[in-house]
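As a plain string of letters, each chain reads:
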Amino acid sequence: MSATKRPSGSARPLASAAAGLTGNVVGDMLQRLFHSTSATGRALRLAGLTAGVTGSYVGYMAQRMFLGVEGRDTKRRATHAKTGHRIRDELQLLRGPVMKVGQALSLHTDLVPEEMLAELTKLQMEAPGMHPSLALAQFRASVGRSPEQVFKRFDAEPFAAASLGQVHRAVMRDGTCAAVKIQYPGIRAAIESDFRWIRNVTLPAQASGHLPKAALDEMESQIVAETDYVREADHIEFFRTSLKPLDFVVVPDVYRDCSTDRVLTMSVVAGQHLDAFLAKHPSQRLRDIVGSRLLELFYFQVLILKVLHADPHWGNYLFNDDGTIGLVDFGCVKQLGSEFIGRLRKSFLYPGRTDSPDFRRIVQEQFGSPGKKLSSVSQRAVADFAERFYRKVYPPDLKDADRAFDFSDPGFLRDFLRAAGKLARAKGSTTEYIFLVRAEIGLYTTLHRLKARVHTSAIVRRLLAESRKEDGSS
Amino acid sequence: MSRNSSQAAGRRARNKETTRSRIVAAALALFQVKGFDATTTKAIARKARVAEGTVFNYFPTKEDIALHFLEQEVEHAMATVRANKRLRKAPIEEKLFALVQTQLEFLAPHERFIGAAFVHALTPGSKLGIFSPSAQELQFRYLAFVQELVDDAVRRGQLSAASWWTPHVFWIYYLGILLYWLHDPSPGKQQTLAFLDRSLKIGVAVLRQR
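Same order as they appear, the protein sequences are chains A and G. Counting along the first sequence from 1, when you hit position 446 you're at 446 in the working numbering, and nothing is skipped either side. Counting along the second sequence from 1, when you hit position 57 you're at 57 in the working numbering, and nothing is skipped either side.
Calculated from the structure, these hints are not laboratory results. A portion of the hints provided could be inaccurate.
Taking CB as the label site, the calculated pair distances span [stated by the list, open to error]:
1. A:V230 x G:L122: 39 to 49 Å
2. A:K213 x G:G157: 44 to 54 Å
3. A:D275 x G:R155: 49 to 59 Å
4. A:T176 x G:N84: 57 to 67 Å
5. A:D253 x G:K34: 41 to 51 Å
6. A:Q272 x G:L175: 22 to 32 Å
7. A:E148 x G:D151: 25 to 35 Å
8. G:D151 x A:V224: 14 to 24 Å
9. A:P245 x G:R112: 33 to 43 Å
Keep in mind the model is a prediction, meaning the values are calculated, not measured. For each residue, glycine too, the CB sits at the ideal point set by N, CA and C.
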């Protein structure tokens, strides 16, 4: 890589990481400042290759196109589709954290034009993976034996893509069907290298507080943790046990003997991805059941388990006609602190006024740090969020308990993203909160696509009561 | 020639091949443990349980043993790619990947020796060097195979007709990959796998557009 190109390339992750995380002003300014052509992008990609890393700054540059001037001004549908297609190609080629950013972006249905969304949705399901020779080589390098030696049968062609690898069908020696997830080689080193860059170039944004160091740490540790399949196997086993009370959830079984940190072999979970499920025009009743269950699954994890299976993308859920939900991909799992949950219990379904001193005190506890008063801008942003979004979706009044919220209304998603962005700009976020919002975006987008009608407050109220009982608090 | 004498000739050939294999296996084990330079012919003979003179009969120098091993490596890789039915319809980048990866997997147990052989090859007059007739013969055989793959890809429309020079560039590329592999500290040589995959994809994409 030439020394002259590095500084301008390095600014791009700053711009996009900053904007992607918190939607801040610095990010926007930098995005405008470092405008470049696709030829430069290609050069940078090649440069990244020589270092053996994913060279993801090009992807961030691509991401910028969604958020920057070009994305806003270019209204023509054809351009959108073409751009979306190109960006998808870039992201697929680059992989690593960029792919994650691409997936997160495709969940922002109101930010991204529909045509681009269609292209980006494919990214979630159809990432081109390793050709069979590479997948087999990676399996041998990781497991120490070839798939033919381990399995009765192994399909060299993958049947599904995961953001960090791909999944192959196999048959175990005893005849059981298995799914073998193989990670793209070198991905962990690439991610670590990307983050070293991001950390260096975001120093100003970190110093100004617009991009909290804690948020960067959180993001890196989560993404790096996702590359460790041994950890993922631990997560699967945890959820398999812990989610037993929810009999509509199916969690796979792990085969440890043929799993490593880069290869994960597990039982096959039945079900269809959201698109395929919706294509069969499921009845409103089925969509309501599945939607209610998704919401229950979400808050059961948050309030009872205090652990969240939280990759915000609907490719991780499999839907069945009997209303059962299969869970796949346990790479992104977040532990939520008891204190955080305790505070969440106080503010969720808060019956009083959001401008009352009591609510302000709860907000201070929830988002402020000890001994430091939360700014009035942050206070207002939280109150606004509670008022404009949560009260609408989760009405606190008991007289509304029988009312189902209709997620087909696109307005609620826009309100959510707007309020979350406002709160982020007001620097009112904590890392746990950022994570929760990231997961909520996935949940709400899925519920919206399902057009589900869900008794939100009733479900949450029941789980809140259970959660209080389990913790022995009021 | 009588049946008995032809049987005896076959037996002699088999015995010869067994002895040759024993010498090579002993030498490789010693190269890996003691290093290429520190290994003596005497030690090889002792480990192979043959007389030192027998070693010289088969291989006049240690470099000849190394060349024999490299020849086995190339032959094995070419045979593996040829025998893989699935690869026949695969794109050229996958075929080239499979070729190089098979070579690297063959070399993997002897990494230390390969590093030493690489340095040796740079010494003027070395039999492993690019201007030595025996090394060149092996190189040409290898490149002819790459040419075969490229020609096939041109016929299938995967590469442009102007890609005829590819094998020569590929040889330099292969040496670069070998060096990268030798220096790759990642578990399971992850970085090499990724580098090999992505550089081949980009290389072929360039050749396709010409």
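Now for the hints, and whether the structure bears them out:
1. A:V230 x G:L122: 39 to 49 Å: For G:L122 against A:V230, whose Cβ atoms are near 42 Å apart, the range 39 to 49 Å holds.
2. A:K213 x G:G157: 44 to 54 Å: Given about 52 Å between the Cβ atoms, the range holds.
3. A:D275 x G:R155: 49 to 59 Å: violated, 39 Å
4. A:T176 x G:N84: 57 to 67 Å: violated, 28 Å
5. A:D253 x G:K34: 41 to 51 Å: holds, 48 Å
6. A:Q272 x G:L175: 22 to 32 Å: violated, 49 Å
7. A:E148 x G:D151: 25 to 35 Å: holds, 31 Å
8. G:D151 x A:V224: 14 to 24 Å: violated, 44 Å
9. A:P245 x G:R112: 33 to 43 Å: violated, 56 Å
The earlier numbered hints that this structure contradicts are 3, 4, 6, 8, 9.
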